[in-house]
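Using the sequences and the accompanying hints, generate a full structural model.
There are 2 protein chains.
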Amino acid sequence: MSDPKSKNLTWHEGQVSRQDRERKLDQKGCTIWLTGLSGSGKSTLAVAAEKALADRGKHTYILDGDNVRMGLNNNLGFSPDDRTENIRRIGEVAKLFTDSGAIVFSSFISPYRADRDAVREIMGDGDFVEVYVAASLEVCESRDVKGLYAKARKGEIPEFTGISAPYEEPSAPELVVDTGDQTLEQSVAVLVEYLDKSGYLSA
Amino acid sequence: MSDPKSKNLTWHEGQVSRQDRERKLDQKGCTIWLTGLSGSGKSTLAVAAEKALADRGKHTYILDGDNVRMGLNNNLGFSPDDRTENIRRIGEVAKLFTDSGAIVFSSFISPYRADRDAVREIMGDGDFVEVYVAASLEVCESRDVKGLYAKARKGEIPEFTGISAPYEEPSAPELVVDTGDQTLEQSVAVLVEYLDKSGYLSA
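Here the protein sequences come in this chain order: A and B.
Converting from the first sequence to the numbering used here requires adding 4 to each position, the first position being numbered 1.
Converting from the second sequence to the numbering used here requires adding 4 to each position, the first position being numbered 1.
Derived from the structure by calculation, the hints contain no laboratory data.
Note that the structure is a prediction, hence the values are computed from the model and not measured.
Treat the hints with care, as some may be off.
It does not matter which identical chain is used: a pair holds within one copy or between any two.
Here are the simulated DSSO-like cross-link-like pairs (lysine-lysine), alpha carbons at most 27 Å apart as the crow flies [said to hold, decoys possible]: (1) Lys-150 / Lys-32; (2) Lys-28 / Lys-55; (3) Lys-201 / Lys-55; (4) Lys-155 / Lys-28; (5) Lys-201 / Lys-28; (6) Lys-201 / Lys-32; (7) Lys-55 / Lys-150; (8) Lys-32 / Lys-55; (9) Lys-155 / Lys-201.
Here it is, written out as structure tokens:
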């Protein structure tokens, strides 16, 4: 190990590549980036789609508010700068998971187009699958699963996306899923079919 | 999806758990945290051990300077505060990979005991395997694979661990590997045997 040459040799010969991992997992690593308003159904879709893929033997992981905001990004708030850094870090982590061969779902509002495009930029071609979970503000607000819209309307939550902070729709997402029109089963089917046809579900 | 109850039901029923992933991969997720001086052989050991595990069909990933310092942590320098935040973020990412079921190697000097202990703290019991890659400063400096020690001695690199910045040895690591005494093959064998005996290599 003290000889640089043999060290380099070891590195190159011993290296396990992304392709090696993908072959073993029989899939292609990618990031399925779900974006949409609060209540649009991002997490519900991620969970159901992950289950559908796991049933086909695929290796998946979900990045969401629960495991990211409380951990990696627990030192970030909701200002525009912090939102940007939040998405940047999530993008970098998604990139690592993608490189590991996993099919990773990222489930965040990610309201700024520039932030999402920056994530697309750092990823390899085809590694970033932007899915617009489209549901109108009216639909999301009528669901108001967590009661957040009511609070936001009363001004109790500042900078709430769709009410007091902007949501910028994707201009060219790989896929649009309309959870206002489709059942969950339909949305899952559309997403899984897209991944299958695009070659992500085999090595 | 507009009914909160059925949404929650979907979440719980549809969820793919860490145990599900581990069963499929036939291994237990964990973080093998390699710590030691520059030139101690952390990356060489990580690469060789990863290859040995991949040859046994295990799913692994390496977090190192190449994929972390240039991505997730590209907005951090080498001040004590930045080093602490560097290790904190790596720890949080390692935690996510561990939760995904991967056997993840982290290959960073990580010179401060408090920073490493903070990572251990956020991980579940048994998820953090601290490996002290022990090689004396003399050995590391004599290797000086990257010529960094020579520069540090000339004062061209400030805050260089072992020369002008402290390295705090682990007080109770799970494993000590002495790359000054052992061959690479011996170090790999010791590490893999530890993982095997500890139950990480089956679900």
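Consistency of the hints with the structure:
1. Lys-150 / Lys-32: Neither: 35 Å inside a chain and 35 Å across chains, both beyond 27 Å.
2. Lys-28 / Lys-55: both (20 Å within a copy, 13 Å between copies)
3. Lys-201 / Lys-55: within (18 Å within a copy, 32 Å between copies)
4. Lys-155 / Lys-28: For Lys-155 and Lys-28, neither the intra-copy (48 Å) nor the inter-copy (43 Å) Cα distance is at most 27 Å.
5. Lys-201 / Lys-28: This pair counts as both: shortest intra-copy Cα distance 20 Å, inter-copy 24 Å.
6. Lys-201 / Lys-32: Result: close within a single copy only, 12 Å intra versus 32 Å inter.
7. Lys-55 / Lys-150: Answer is within; shortest intra-copy Cα gap is 23 Å, inter-copy 46 Å.
8. Lys-32 / Lys-55: For Lys-32 and Lys-55, both the intra-copy (17 Å) and inter-copy (20 Å) Cα distances are at most 27 Å.
9. Lys-155 / Lys-201: Close neither inside one copy (42 Å) nor across copies (53 Å); limit 27 Å.
In this structure, the hints that do not hold are numbers 1, 4 and 9, in rising order.
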